[in-house]
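Chemist: First residue of the sequence shown? That's 1 in this note's numbering, and the numbers climb one at a time after it.
By construction, these hints were calculated from the structure, which means they are not laboratory data.
Quick caveat, the model's predicted, so the values are computed rather than measured.
Please note that the accuracy of each hint is not assured.
Stated by the list, open to error - Here are the simulated distance ranges between beta carbons:
(1) 18 / 108: 35 to 45 Å
(2) 5 / 35: 15 to 25 Å
(3) 149 / 41: 24 to 34 Å
To be verified - When the alpha-carbon atoms are kept at most 27 Å apart in a straight line, the in silico BS3-like pairs for lysine-lysine are as follows:
(4) 151 / 137
(5) 137 / 86
(6) 108 / 151
(7) 86 / 108
(8) 137 / 108
(9) 27 / 151
Ideal Cβ placement from N, Cα and C applies to all residues, glycine included.
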Amino acid sequence: MVIDEAHVIEAWKDEFRKDYGELAALKIIVGTEVPWLALTTTCSTQTFEIIYTTLGMGESRPFYGIDLCSDRPNLAQWVRPMEYSKISMANLLAFLPQAPQNLSDFDKIIFYFLTRQQALRACTLCCSLITSPELRKGLLPFTAMNSEAYKETVMGQNKSDTGMRQD
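Please put together the full structure from these sequences, using the hints given.
Modeler: Next up, the structure:
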């Protein structure tokens, strides 16, 4: 479940768009297996607290927040139409460098899939196309089912230019 422009929850949940105030109820209906993502670029601490509470974040599963602040020229988001069918996973090939020599040749990318099986299949495909075992270590699947220690390792790996914690 993706809520884009989540900051409007603060302004609209009580009057104009009362349904925004009911988003936590939707979370109960769809269950904890459906991941939630709230996106906004204009979020004060007060607005964050309202979004967090309204969406029922952190109640039944861990909450991970990324604060990119407002001036992050090294980060970008793209939404691209797929050229090939979802089943083929051929769209992933566009994100792999032609002849990578080290991990810094890879863009830092997060892919979202509908199922864990699709995510693992995509990671397996990408790893099979990279001949160096050392470079394959940089391609890691990440799901809600992973241990907290694994998540910390993945999120800390090669992230020095993203503002993420690096151990």
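Chemist: Checked against the structure, which of the hints given earlier come out wrong?
Modeler: none
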